[in-house]
Amino acid sequence: MRPYANKLRLNRRSLLAGLTGAAVTAQTSAAQDGLMPWMQTLGDDDLPYGLPGPRVANVVRRPAADSPGFEIWHTPLEHLRGTITPNGLHFAVHHNGIPDIDPAEHRLVLHGMVARPLSFDLNSLARYPLVTRTAFIECAGNSATNAVSPWARDMTLGDVSGQISAAEWTGIPLRILFDEAGIDPAATWVIAEGADGGRHMRSLPLRPLVAEGMLALYQNGEPLRPSQGYPMRILMPGWEGNAQIKWLHRLELADRPAWSKDESGLYADPLANGKLRMMSLAMSVKSVITAPSGQQVIAPGPRQIEGLAWSGRGRIARVELSVDGGRTWTEARLQAPVQPKALTRFSLPWDWHNERAILMSRATDETGDMQPTRDIWHDIFAGHSFNHFNAIQAWSINRSGEVKNHYA
Amino acid sequence: MPKIALLALIAFTTAVFAVNAALSQVSDQPAITGSPTPALGQPFEEVDLPEALRTIWPDGRNLPEGRGGVAEGAQVYAQQCASCHGATGVEGPNARLIGSDGVFGFGDPLRPVRINSHPILILSAGGMWPHATSLFAYVRRAMPYGAPGTLTDNEIYAVTAWILYRNGVLPKAGVLDRSSLPQVSMPGAARVVLDPETAAAVHHPNPTRSRGTQSNAGSAD
Numbered sequence: 001m002r003p004y005a006n007k008l009r010l011n012r013r014s015l016l017a018g019l020t021g022a023a024v025t026a027q028t029s030a031a032q033d034g035l036m037p038w039m040q041t042l043g044d045d046d047l048p049y050g051l052p053g054p055r056v057a058n059v060v061r062r063p064a065a066d067s068p069g070f071e072i073w074h075t076p077l078e079h080l081r082g083t084i085t086p087n088g089l090h091f092a093v094h095h096n097g098i099p100d101i102d103p104a105e106h107r108l109v110l111h112g113m114v115a116r117p118l119s120f121d122l123n124s125l126a127r128y129p130l131v132t133r134t135a136f137i138e139c140a141g142n143s144a145t146n147a148v149s150p151w152a153r154d155m156t157l158g159d160v161s162g163q164i165s166a167a168e169w170t171g172i173p174l175r176i177l178f179d180e181a182g183i184d185p186a187a188t189w190v191i192a193e194g195a196d197g198g199r200h201m202r203s204l205p206l207r208p209l210v211a212e213g214m215l216a217l218y219q220n221g222e223p224l225r226p227s228q229g230y231p232m233r234i235l236m237p238g239w240e241g242n243a244q245i246k247w248l249h250r251l252e253l254a255d256r257p258a259w260s261k262d263e264s265g266l267y268a269d270p271l272a273n274g275k276l277r278m279m280s281l282a283m284s285v286k287s288v289i290t291a292p293s294g295q296q297v298i299a300p301g302p303r304q305i306e307g308l309a310w311s312g313r314g315r316i317a318r319v320e321l322s323v324d325g326g327r328t329w330t331e332a333r334l335q336a337p338v339q340p341k342a343l344t345r346f347s348l349p350w351d352w353h354n355e356r357a358i359l360m361s362r363a364t365d366e367t368g369d370m371q372p373t374r375d376i377w378h379d380i381f382a383g384h385s386f387n388h389f390n391a392i393q394a395w396s397i398n399r400s401g402e403v404k405n406h407y408a
Numbered sequence: 409m410p411k412i413a414l415l416a417l418i419a420f421t422t423a424v425f426a427v428n429a430a431l432s433q434v435s436d437q438p439a440i441t442g443s444p445t446p447a448l449g450q451p452f453e454e455v456d457l458p459e460a461l462r463t464i465w466p467d468g469r470n471l472p473e474g475r476g477g478v479a480e481g482a483q484v485y486a487q488q489c490a491s492c493h494g495a496t497g498v499e500g501p502n503a504r505l506i507g508s509d510g511v512f513g514f515g516d517p518l519r520p521v522r523i524n525s526h527p528i529l530i531l532s533a534g535g536m537w538p539h540a541t542s543l544f545a546y547v548r549r550a551m552p553y554g555a556p557g558t559l560t561d562n563e564i565y566a567v568t569a570w571i572l573y574r575n576g577v578l579p580k581a582g583v584l585d586r587s588s589l590p591q592v593s594m595p596g597a598a599r600v601v602l603d604p605e606t607a608a609a610v611h612h613p614n615p616t617r618s619r620g621t622q623s624n625a626g627s628a629d
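Going line by line, the protein sequences match chains A and B.
Reading the first sequence from the start, the letters are residues 1 to 408 in the working numbering.
Reading the second sequence from the start, the letters are residues 409 to 629 in the working numbering.
Note that these hints are calculated values from the structure, not bench results.
Think of the CB as a built atom: it goes at the ideal place given N, C-alpha and C, for glycine as much as any other residue.
It cannot be assumed that every hint is accurate.
Going by beta-carbon spacing under 10 Å, a handful of chain A positions derived as facing chain B [claimed, not checked]:
| no. | residue |
| --- | --- |
| 1 | Asp46 |
| 2 | Phe70 |
| 3 | Ile101 |
| 4 | Glu105 |
| 5 | Tyr128 |
| 6 | Asp196 |
| 7 | Ala299 |
| 8 | Leu334 |
| 9 | Gln335 |
| 10 | Pro337 |
| 11 | Val338 |
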């Protein structure tokens, strides 16, 4: 790559030198005024795989503030616009690291309660008809800090709630593979397992996977990143991320769940009544204001309040905004297209003049489900429960324009 | 006039079909199958799945031979597990193995601080997991962290016994094997409620109805 780039640069330089020489002979006066430095020099070489520039070096994922003993990386929501997360910024939770999988050796085995157990390699799967859809993935534990911390910790939006991302996923509808193997009519569950060093495993209801599940091979047009399950993962729009098994190598149809470690403990929901709700998969309706958001400082004058809303049960129907801590609400504008189980961006113009304010967003999805307040969420979930936290997020703004995480 | 147009349309359509039929008989015509799947899965025998990759079920199916007790388990734990889970299974820094799910205790004055710094520690196998087989299955799949697959089945039975003993679920003389492990009664089981949406999704309104057993039908419902 370098020799070619140098040669190219040399050629361009000699060409430019020729042009400049001609200009100098035609006009011998002083140098041109009004040119920025980067207008007066040859630019840099490009790269085989493009990277964000040094001027936006702050737009990166950050590790979770509280390490639970495995890797958690948060999407910097406050730095992004639109409704698609760049692949390098997609949130990630790895319980046993990222495996280095040889695609030539990797197999997906489909077995259990099927008429014909089957094994697939990547080359064969690439010959199937692929479909594409946009979907968010959210970790069940997203915003856990606001669920369990007794006080609102001073954090950025990405640090509080950055375990949500969205992408355009391309792959094979799972029903095509299930039908090829022939589903036993008595099968109701799928045991899905990854090929990582821990073989992450979940028991998943079969019927929703037949209806909407995908064996995802591509993310935003390129092969899955290792961090997102290369060479293949389950995509099941609307479900918690932990169930969308990365590095998938085994699907076993069954008539009962296996009760794996995560469905038995870490991803179960202790309820306020002492019960343990298990196998909860759909991520409920939720929204966050991305601007202004935690640890930003705003200037007086007109601006947009902007944010993201999503629901694991369908489309966003409505987002309402409050600047007075929930006393009054105004409906925000939703940016089209509003897709089911994807991110929807909302905004509303606001004119701020150094008054104290408490900003809140409250989303409602097409099933009529509306975000609860934090207090109402805790009426249902135990005090130490931290999964599926979808309560309304509030940001307080003081007279100096400092924005802080807030419980309202 | 409309009748004539209709007849003309029928005649034209018939002619098109005839031409298409003739073309389809040409031997070098590419085959457009219209099938929803190229059906490229390779036949696979269930018995060819390595034992280590088989699901271990709560009823004990696929549990391997071998046995282990609390005393051996204490040694395995000290050597293989204590560096991450703490000397007695409660100190961390990684997941707490002993205790209830609200482990820090509501009387603990530092409870909020402890939860804040170690939120994961509030969950434990002893307090929540409804099936003892899950503990064996997980240790066998994923532990020790960084070197999964290196423990023998005897060691896994033993360390499972130690964790269950420390949780008050198994007596100190307890020994586990493929027949005794599924019999262990876990405290969490009585508190489990299946998520209503998931329960509805796995409910069979008509268990005798066939669901997509015809190959390549493109329909599973």
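- Supplied contact hint for Tyr128 of chain A, tested at 10 Å Cβ to chain B: Result: holds, 6 Å to nearest chain B Cβ.
Report task. Tell me if Asp46 of chain A is really an interface residue toward chain B, meaning its C-beta lies closer than 10 Å to one of theirs. Result -> 38 Å, violated
Does the nearest C-beta of chain B fall within a distance shorter than 10 Å of the C-beta of Pro337 of chain A?
26 Å, violated
Take the shortest C-beta to C-beta distance between Leu334 of chain A and chain B; is it under 10 Å? Status violated, d = 25 Å.
Once the shortest beta carbon distance from Phe70 of chain A to chain B is found, is it less than 10 Å? Result: holds, 8 Å to nearest chain B Cβ.
Taking 10 Å as the limit, does the beta-carbon of Asp196 of chain A come near enough to a beta-carbon in chain B? 9 Å, holds
* Asked: Given Glu105 of chain A was flagged as interface, is its beta-carbon under 10 Å from a beta-carbon of chain B?
  -> 14 Å, violated
Hinted contact Gln335 of chain A with chain B - closest CB pair below 10 Å: With Cβ-Cβ at 29 Å, over 10 Å, it is violated.
* Given Ile101 of chain A as an interface hint, is the shortest Cβ-Cβ distance to chain B below 10 Å? -> 15 Å, violated
Would you check whether Val338 of chain A satisfies its interface hint, that is, whether its CB is within less than 10 Å of any CB in chain B?
22 Å, violated
Min Cβ distance, Ala299 of chain A to chain B: is it shorter than 10 Å? 33 Å, violated
The structure fails hints 1, 3, 4, 7, 8, 9, 10, 11 (numbered hints given earlier, in ascending order).
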